[in-house]
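The residues making up each chain are set out below.
Number of protein chains: 2
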Amino acid sequence: MSTAFGDPRVYERFWRQTGEKSTIIIPGWQSMSYFSDVTNICWFLEAEFASEVVRLHTVVGNAVTEGRHIVVGTGSSQLFLAALYALSPTDAPEPISVVCASPYYSSYPSMTNHLKSGLYQWGGDAASFEKEGPYIELVTSPNNPDGHARISKVNRSQGFLVHDLAYYWPQYTPISAPADHDLTLFTVSKSTGHAGMRIGWALVKDKEVAKKMTKFIELNTIGVSKDSQLRAAKVLRAVSDSWEQGNSQEGESFFKFSHKLMANRWKQLRLVVEHSELFSLPKFSPAFCTFFKQVLEPQPAFVWLKCEGNVEDCESFLRAHNILTRSGKHFGVSPKYVRISMLDTDENFSHFLERLSAIKS
Amino acid sequence: MSTAFGDPRVYERFWRQTGEKSTIIIPGWQSMSYFSDVTNICWFLEAEFASEVVRLHTVVGNAVTEGRHIVVGTGSSQLFLAALYALSPTDAPEPISVVCASPYYSSYPSMTNHLKSGLYQWGGDAASFEKEGPYIELVTSPNNPDGHARISKVNRSQGFLVHDLAYYWPQYTPISAPADHDLTLFTVSKSTGHAGMRIGWALVKDKEVAKKMTKFIELNTIGVSKDSQLRAAKVLRAVSDSWEQGNSQEGESFFKFSHKLMANRWKQLRLVVEHSELFSLPKFSPAFCTFFKQVLEPQPAFVWLKCEGNVEDCESFLRAHNILTRSGKHFGVSPKYVRISMLDTDENFSHFLERLSAIKS
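Here the protein sequences line up with chains A and B, keeping their order.
Take 1 as the starting number for the first sequence in my numbering and just add one per residue.
Take 1 as the starting number for the second sequence in my numbering and just add one per residue.
Among these hints, one or two may not hold up.
Chain copies aren't distinguished; within one or between two, either way the pair holds.
[As the list claims (entries may be wrong)] Here are the simulated lysine to any residue pairs, SDA-like style, with alpha carbons at most 20 Å apart:
hint, residue 1, residue 2
1, LYS336, GLU274
2, LYS131, ALA92
3, LYS234, PRO27
4, LYS207, GLN17
5, LYS153, GLY19
6, LYS212, ALA4
7, LYS131, ASP241
8, LYS131, PRO282
9, LYS306, PRO109
10, LYS283, ILE151
11, LYS360, PRO286
12, LYS211, SER110
13, LYS116, PRO93
14, LYS215, SER106
Because the hints were derived from the structure by calculation, they are not lab data.
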């Protein structure tokens, strides 16, 4: 379980430093209603949260928000399901195929199939998808698990694209341009590290799609926790503030902190792996980051480690050395690969490196 | 939309009076992890919330918690869907039927059918359900929309029962005994009035069912907002405290406040309806309430109003008089009935009474 989600414990230290700037106080009488704004398509969206989402995307430059409807969800998982519901044709003779190029996020197949929906079904690897007619393609960029930037794979006219940009933040990857797609998913879990809030958001171009996604969330959970939306607003504001004030020496900015931290971890990891003939890492190309205004290397939230040589089952091999990972087979590829979180606590990350470097061939 | 859920704005006044006792403060670094307790079946359940749930049921005497697993959900809606997922046979040749005696909660059919699941499907009115084999019966007691106490209707051996006890609280109905069922749903929306929190809980006897419900919530939203769980814990604690301290004159208790308020509203409503030949209300029998230790009348969260005489479409008739209601047809019965919330603000409730009493035959 604990290897499944990449628990973002690594950011706790930053948030301890911010003190009251990120503390929220909610009196007992507040946010009692189901409704936030009945004139908005997404009637349970807190205005404060929505405006901090727009502001943060403007500060970071990672997504176009103009001409988009914001739909808030209980994490981006719920928005992923809402998107499937909204994009599936209602009167199709058979379920629409949902595909993603492998290696893909290990939860996509089970999230898509667990209710045996007649609207949509998992169609497997986008690279080998041949079926005629409409389909939904998930484009995760940077990709979970392997960290590579991606564009859509199935290049046909009847495709609906869902862009899962959970990791398109400057601490993980150079920001190349504001994402400008039909339907884009983000989440606080990976951006600020607040996984326990369960808050995600979708930027949706088409009004009818935004309406249907909202309808799904109404049927699923009658809206999204207001407490967490208000807290997310506070935390996103602190991130934007820290960047703007960071330029005027008011303490460290969140993205500088998190970028430095990831850079440091990746440097340590590369040292260990380069000294070993047993393992290899994906190769990334440096690129210009419009946010940090310099050429930078990707430093993904996950290690996508390959066991070289004779080891066929990398997960079992590492488990024997007390390292818990998630096998490549869950991601639609060979068990020679495993995924390991780079977002765990300092203590756990140190243990991981120690154990990894102690393995001799 | 705003007539669909029965927004519980009525309790705001109580929570304003409680001041700091119900205020929550969450620093930015808290509750960042996905996990609450990995040793618990429901690994995203906050221990503080769980213990306040147990305490409140003990104080009120409305449910047995011993020998039960607590599963927290994003409102009881999510737990309803989790229960369907958990109780559906995995290898059945066709979807299991989900039934409820009419009039039933208007969202049950669409929540059950919106994904065209191959696991379960809406089977309609439990009273006329004849199909052989396994089925799921929803028992809502007191019932939404009509306020009557209920027991299961389909009396056969292969049924799974889901007891939706959202309204089994002393302000709405006399508490007769602690509910002692296999799977029971509760929610803060109707108990304390905090609909915006989206927090519900299930008391589940069978360990495997609790595990599957937890799995559903993992696939649906990867857990439940920790912020709202912590806030719910605080609010439930304030309710229990107010009852225990109320007996020692420390200010009004929540249930005395809310019971008095509902009693007052029902009294006013009965006066208006009794003076009219156009409308009638359900008849309720008084019963001994083990919580208040006296014989009391039910005073439901909804009015289930019947248009007498020639009016066939009660919703349209009332809309013409500026009263927004929800037609009986959504609840599986005649459009001569409508449902109206008794939990709206004082202002809206007054408007409703004024408008209703102004209608002449």
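The hints, checked one at a time:
In this assembly of identical chains, the alpha carbons of LYS336 and GLU274 lie at most 20 Å apart only when taken from the same copy (18 Å versus 77 Å across copies). Taking identical chains as interchangeable, the C-alpha atoms of LYS131 and ALA92 lie at most 20 Å apart only when both belong to the same chain, with a minimum of 15 Å there against 28 Å between chains. Taking the shortest alpha-carbon separations for LYS234 and PRO27, both the intra-copy value of 15 Å and the inter-copy value of 10 Å come in at or below 20 Å. With identical chains, the CA atoms of LYS207 and GLN17 are never at most 20 Å apart, being 40 Å at best within one copy and 42 Å at best between copies.
Taking CA atoms no more than 20 Å apart as the test, LYS153 paired with GLY19 passes in neither setting, with 44 Å inside one copy and 56 Å between copies. Taking the shortest Cα distances, LYS212 and ALA4 sit within 20 Å of each other only across copies (17 Å), while inside one copy they are farther apart (29 Å). Taking identical chains as interchangeable, the C-alpha atoms of LYS131 and ASP241 are never at most 20 Å apart, the minima being 48 Å within one chain and 62 Å between chains. In the homo-oligomer, the alpha carbons of LYS131 and PRO282 never lie at most 20 Å apart, since the shortest distance is 31 Å inside one protomer and 57 Å across protomers.
Proximity of LYS306 to PRO109 under the C-alpha cut-off of 20 Å is found in neither arrangement, the shortest distances being 23 Å within a copy and 48 Å between copies. Taking the shortest alpha-carbon separations for LYS283 and ILE151, only the intra-copy value of 18 Å comes in at or below 20 Å, while the best inter-copy value is 63 Å. Neither within a single protomer nor between protomers do LYS360 and PRO286 lie at most 20 Å apart by alpha-carbon distance, with minima of 31 Å and 78 Å respectively. Taking the shortest Cα distances, LYS211 and SER110 sit within 20 Å of each other only across copies (16 Å), while inside one copy they are farther apart (25 Å).
In this homomeric assembly, LYS116 and PRO93 come within 20 Å of each other (Cα to Cα) both inside a single copy, at 15 Å, and across copies, at 12 Å. Proximity of LYS215 to SER106 under the C-alpha cut-off of 20 Å is restricted to the inter-copy arrangement: shortest distance 15 Å between copies versus 26 Å within a copy.
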